[in-house]
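J.: Chains as they are written, first to last, in this note's numbering: chain A, 1 to 270; chain B, 1 to 280; chain C, 1 to 328.
Note that these hints are calculated values from the structure, not bench results. Where hints are given, some of them may not hold.
[Said to hold, decoys possible] Listing some non-contacts, in silico: residues in chain A with all C-beta distances to chain C over 10 Å:
(1) Phe70
(2) Leu112
(3) Tyr147
(4) Val185
[Stated by the list, open to error] Which residues of chain A face chain C? A few of them, derived with a C-beta cut under 7 Å, are:
(5) Glu45
(6) Ala141
(7) Ala144
(8) Arg145
(9) Arg146
(10) Ala180
(11) Ser184
(12) Leu190
(13) Asn191
(14) Tyr216
(15) Asp219
(16) Val254
[Claimed, not checked] Chain A regions said to be covered by chain B (calculated; three or more residues, Cβ under 8 Å):
(17) 79-90
(18) 96-107
(19) 114-122
Just so it is clear, the structure is predicted and the values come from calculations on it, not from any experiment. The beta-carbon is built from N, C-alpha and C at its ideal position, and this holds for glycine as well.
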Amino acid sequence: MKLLEVKNVSKRFDARSWFGRPGDLVVRDVSLSVAAGQTLGIVGESGSGKSTLLRMMLRLIRPTSGSIIFRGQDLWTLGGAELLAVRREIQAIFQDPASSLNPRQRIGDILLAPLDVHRIGPSKERRDEVVATLLRVGLTADYARRYPHQLSGGQRQRVAIARAIIMGPSVVLADEPTSALDVSVQAQILNLFREIKRNLGLTSVFVSHNLGVVRYLCDSVAVMRQGEIVEIGPSETVFAAPQHPYTRALLDAVPDPRRRLLSSLVPGEG
Amino acid sequence: MSVAKRTSGWSWRRHGVTTVGAILVSLVLVAAAAAPLIVPFSPYDLDVVQMLEAPSPTHWLGTDEVGRDVLSRTLYAARISIEVALVAVGVGFGVGTFLGLVAAYFGGVIDAVVMRFMELLFSFPAILLAVVLMASLGTNILNAMIAIGIIFIPGFARLARASAMDVLGQQYIEAARVIGMSDARIMFREVLPNILAPSLVEAAVAFAYAILLESALSFLGLGAQPPEPSWGNMINTGRGFMAQAPWLGLVPGFALFLCVLGFNLLGDGMRDFLDPHMKD
Amino acid sequence: MASMTSGLAPVLDIQNLTIEFPGQRVVDDVNLEVGAGEIVALIGESGSGKTLTALAILNLLPRQAHVTEGRIMLNHWPMLHLTASQRRELLGDRLAFIPQDSMRALNPMLPVGDQVGEPLVIHRSISWEAARRIAVNLLRAVHLKEPEKRIADYPHQFSGGMQQRAMIAMALALEPELIIADEPTTGLDVTVQAQVIRLLGEIRDRKGTSILFITHDLGLVSDFCDRVYVMYAGKVVEQGSVGDIFDSPRHPYTAALLAATPSALERVSELVSIAGQIPTRGEIEAGCVFAPRCPRAQPLCAEAPVESEMSPRHRVRCWYPRGPIETP
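Please work from the sequences and hints to get the whole structure.
T.: As C-alpha cells, then:
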C-alpha cells in the first residue's frame, strides 16, 4: 500500500530580492511514492531540491503545484484536528544536532512536548513514556535532566530520534541526520535507526548526499538533480547498475575506501 | 584522571565593573525600600526656622527652602524613581517584546504594520514625546510611568524582533512545527525564552534611562508634583539656590548620578551572565 | 635526519609533539613526517588532535593550548622557535595553508584577484597590477573558467567549490614546499570534492609540492595519498602507506573505522559500530587510549603501548595488533 505519495510536485520560491531573476523552480514535477514499511532514499548534491522536497512532504512548505498524499488524503486540504492527527503520524529528524534541540530546554521537556501537544496518555504517565523512549534509543533516564549543550553530537541525534518516535508515528522523514557526525558515531546512529525502523515497522524517507549511507539503509532510492528525479528504483539495482549518466558520475566521484579493493581486483594490474 | 581547571570564577578584572554596578543598584533599592523606616525625619515636615541649613549633625545633608530634611527627601525620591522606572520598563519590555515577537513570527503585513508604527514612535525625541503624552494625559506620576513606558516600546520591539528572527531560522522551530505545536506555544515556549537574554540586558540599561527621564519630567514640573520629592524637582528647586545652599541641588544630582551609573554598569555585566553556555 | 620514505631529509618533521590545555593533554608524543613530493594524510575523528597538530605547525594554537614538548622542523626551520618576523616570512611563502571553511577564510570586502595576489605583493614586493596578472594564471591553474573576469569578482559571487579553488590558488601563489590542507572539501558536493582532490594531486605531480592532508573521511584518502597517519584521542595509533592501512589495518581502531564506513560501491550487510564514545578531553586514562572501547583489550593494555613495526614503513601502537589478513 502506498502510504505516502508525491504527485507532480513543483516548487518555485517567490522572488525576494529587488534585483536578480524571479524564483526558479527548485523542485520540478517530482513524483514518487513510499510503500508501507519501506525506506526510500533521496540523494542529490546541493541545489538538487531534495531538502525542499522533504519539507513539502512534512507540510512545512506548500507546493506551487502538485500534491502530497498521505493515506489517500492531500496534506494541504487538512486543517485543525485532522491536521493534528496527521502530524502525529509523520515525524522528522533534522540534520544539525546543534540546532535541532532548543538550547534552553531540558531533554526531558523536549521529549515531553509532543505528548503534551497531542495529549497522549494520562499526563502522569507521560514522563514514564519519555524515560522508556530514552532507553529505546540507547540513552539512560538521567539524560532527561540535561541540557542539549551537555550532550555530544551523537547523543543529541539519539534525542532527535527519540523525539521523532515518541508518538509512535507511521512515517519518519530524515534530512541528513548523520552528516554532522564522526564516522564511528554515524555507524552507531545508522544501526540504531535500522533497529528502530524494524522494531516499530516504520516507513521512512532518508535524504542524504552520502550515497554509502543511503545504500546501507534504503530499499529504494531516487537520484535528484536540479529539482528533477533523474533515476529511481530499488537500491541494489540503482547502485550496482546505474542507468543515468549523472548517477554514474556521482558513484565515480564518491570517496570510498573500498574503491582500492575493487580496483585492485582488476586483472592485469601490477 | 585529569580535570580541567575552571576558567570561570569571580575575579576583579572580569567582574569588577559589574560588581560595582550591582553594589550601587543594591544600595539604591535598599534605600528605596527601607526609606520609611530609616529616614530621620519625615520628608514633608516643614520647619521654617531651620530652612536652608547646611549639613549638620542633626540634618546630615542639610535642609531645603522650607526646612525639610534633604536626606529624607532624597531617600523618598529614590522610591519614586524606582517605582516609575519599574512600571515604565515593565510596560516597555512587556508590550515591546510581545509586539516584536509577533511581528517576527507572522511576518508579512503584520510585521510591516507593527514595525512602521514602531518607527513612527521611534522618530520622536524622547522628551518631546513624553511631554506631549503628559500634556494630553495629565501631569502625575502614573502618567509619567505610562509615557516613559511608551517611549521604550519601539526599542524593545526592534530588539525582540531581531532576536526572534534569528531563532525562527533554527531547526528546533521547524521541529516544533512538525510536532504540531500551535503558533502560540511556539512563540511563547520555544522562541521567547531564547530572546529574553538580550532584552533583559536592554531592560537594565533602560532602567537607568527611565530614571533619568523621570527626573527630566519632574524637573520640568510634569512628573511628581509637590510636596512629593523627586530627584528631578529637587534639582530644579536647587537651581535657584546654588549660591546660598548648593547642597540642595548637588545631593539629589549626585544620587541620580550614582543610580544611573549603577544600572548601566549592571546592565553591561548582565550580558555575559545570561549566556546559556555558562549553564554548567 | 633521514626520512622513512627516501634517503633525503623530510620537508616536514614533527618529533614528540605534545600539546596541553590546562590540566589536559590533547596531543601526546606525535611523530610525523612528510617527504618531498609526498601526499600524507592525517586521519582522525573529533578529539583526535589532528587539527591542533596542524595549528601547532602554523603557530595558530588557541591561547590556552601550549606545546610542552617536541620539535617541528620545516626543512631547516624550527617552527616552534621562530621569531615573529621569521614566521611572517615563511607563512605563505614556504608553507601554505588551506583552511576548512573557505567561505569564512575569504574577505568578503575584497575582490578575489586582490586576495589571491596578496601573498605575492607581500612576499615578493611586486606591484598590485603585476600580482593581479599572476593571479589570473593561478586561477587558470586551478581550472576556474574565465579567470580574467573572475579576478574582479567578490567571494560571494563564487560557489563553494570555486571559493575553495580560489583558496588553493592563493596557497599556490608563492610555490610553497608544503601545503597543509585542513579538511578542504568539507561541505562541498561530491563531484566538486573529486575535482579539488584531483587538483591537489596535479599540483603535487607538476610542482613536487608536499601536501599534508587532514581529514576525517577515509574514502578521500585511499585514492590520492601516499602515506597515512591515524590519530585517536591525541595519539598516532597507526601509520603506514595507503596500501598498508587500507588493505591490512593492524590497529583495532583503524580496522573498526574502516568497518564503520558505509559504501556506495559494495553491499555492506552490517556496519560495525564501535562501542562507547570518543573520550572527552578530561577522561583520557593512562594506558592505551583505545582500550575502553577495544574488542581485543587485555589486562596488559592498562599500560601505554609502544610503537612496533609491522613492516618497514608500517607502525602500530598496540600490544595486540591484528593479523595481516584478519577480517573485522
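J.: Indicate, hint by hint, whether the structure satisfies it.
T.: Right, here's what the structure says about each hint:
1. Phe70: holds, 29 Å
2. Leu112: Since the minimum Cβ distance to chain C is about 26 Å, Leu112(A) lies beyond 10 Å and the statement holds.
3. Tyr147: holds, 16 Å
4. Val185: violated, 7 Å
5. Glu45: holds, 4 Å
6. Ala141: With Cβ-Cβ at 18 Å, over 7 Å, it is violated.
7. Ala144: With a minimum Cβ separation of about 19 Å from chain C (threshold 7 Å), the hint on Ala144(A) is violated.
8. Arg145: Cβ of Arg145(A) sits 19 Å from chain C, so the hint is violated.
9. Arg146: For Arg146(A), the interface hint is violated, since the closest Cβ of chain C sits about 14 Å away, which is over 7 Å.
10. Ala180: Since chain C brings no Cβ nearer than about 10 Å to Ala180(A), farther than 7 Å, the hint is violated.
11. Ser184: Since the shortest Cβ distance to chain C is 5 Å, the answer is holds.
12. Leu190: It holds, given that the least Cβ distance between Leu190(A) and chain C is near 6 Å, below 7 Å.
13. Asn191: Nearest chain C Cβ about 5 Å off; hint holds.
14. Tyr216: holds, 4 Å
15. Asp219: Because about 13 Å separates Asp219(A) from the closest Cβ in chain C, which is outside the 7 Å limit, the hint is violated.
16. Val254: Status holds, d = 5 Å.
17. 79-90: holds (count 5)
18. 96-107: holds (count 8)
19. 114-122: holds (count 3)
In this structure, the earlier hints numbered 4, 6, 7, 8, 9, 10, 15 are contradicted, and the remaining ones agree with it.
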